[in-house]
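Protein sequence lines, in the order shown, are assigned to chains A and B. Just so you know, we're using this note's numbering here: the first sequence kicks off at 7 and counts up by one. Just so you know, we're using this note's numbering here: the second sequence kicks off at 92 and counts up by one.
Do not take every clue at face value.
Computed list of lysine to aspartate or glutamate pairs in EDC-like fashion (alpha-carbon distance at most 20 Å, straight line) [stated by the list, open to error]:
no., chain 1, residue 1, chain 2, residue 2
1, B, 227, B, 258
2, B, 156, A, 49
3, A, 17, B, 217
4, B, 148, A, 19
5, B, 156, B, 141
Quick caveat, the hints were computed from the structure, so don't treat them as lab data. Since this is a predicted model, take the numbers as computed values, not measurements.
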Amino acid sequence: MADQNTEAAAKLEKLGAHLRQAVAAQHPTQERDIQTALGAVREQWEQEQEALRQKKPAPGKTPGREPEPPEIDR
Amino acid sequence: MDDIMKLVRTYRLTGALDQRLSLADALFRMIVPDLRFFVFSAVPHHAADDVLQETLKGIAASLKKFEGDTKNAFWAWCYRIARNKTSDYFRKEEGNRLEIMPPDDLLQIIESAQPSSGIPAQERHDLEYAVGLLRKAKPGCFEFLWKHYVIGLDYGEIAAEHNIQYDNARMKITRCLSEAQSLMS
């Protein structure tokens with residue numbers, strides 16, 4: 007039974023390979039597909055840059071320095 | 092290391108936009124054909140291009156966050172995004188899922204893309220047998236056999252999709268295949 011299963015599995019996989027080839031032949035990868043992905047990469051990169059800009063301290067402030075505590079009246 | 096994983100790992104470490112674009116270009120040219128096949132077998136053909144575009148956007152936008160280390164984990168992650176996009180499509184557009192590639196049409200799909208020489212006789216015999224198995228499979232089994240053997244999803248991906256244990260998915264697929272075979276003889 008195991009051997010028969012293996013043989014049947016191989017035939018189903020062969021069917022998958024043929025179908026994959028057929029779909030690839032009828033619908034080849036288009037430049038539009040790649041450009042869509044690259045557009046999303048660019049957008050993601052811009053969001054990261056914006057997040058980095060917002061993390062940077064405002065000019066004139068010393069990075070990492072805690073604000074001074076208020077003076078205590080004596 | 093596999094080419095796909097080399098590209099994915101390098102992409103994760105790369106900050107410069109031009110380098111990311113170049114890596115993504117190479118990566119997507121490698122993965123689009125399999126993603127297209129997955130999407131074309133899951134949604135009606137008139138909608139497949141749009142669903143594919145959404146899938147590609149989803150993968151590209153979160154590629155930096157992908158944490159897996161193997162090609163299998165990467166494909167499972169890609170297919171999960173594709174599945175979410177096909178579910179979005181069915182939620183928005185249609186109430187019922189259709190059988191997108193009915194067994195009776197499979198050989199015709201293959202033949203229509205073949206050169207005029209056609210499929211060799213032995214090969215055709217094997218393909219007819221495979222189509223016969225899918226025809227004979229019980230309704231609950233067709234989907235498991237189709238996803239595992241034809242689309243190429245592994246047991247783990249199918250288990251996650253159906254919310255069952257890995258071993259249950261493996262046993263179910265083995266049982267479905269045996270049953271379909273016994274109905275063929």
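Pair hint outcome, residue 156 of chain B versus residue 49 of chain A [Cα-Cα no greater than 20 Å] | Measuring from Cα to Cα gives roughly 15 Å; hence the hint holds.
Is the Cα-Cα distance between residue 227 of chain B and residue 258 of chain B 20 Å or less?
-> violated, 24 Å
Are the Cα positions of residue 17 of chain A and residue 217 of chain B separated by 20 Å at most?
-> holds, 6 Å
Residue 148 of chain B paired with residue 19 of chain A [C-alpha distance capped at 20 Å] = It is violated: about 29 Å lies between the C-alpha atoms, which goes past 20 Å.
Keeping to a limit of 20 Å between CA atoms, is the pair of residue 156 of chain B and residue 141 of chain B held or broken?
-> violated, 24 Å
Hints 1, 4, 5, counting from the list given before, are not met by this structure.
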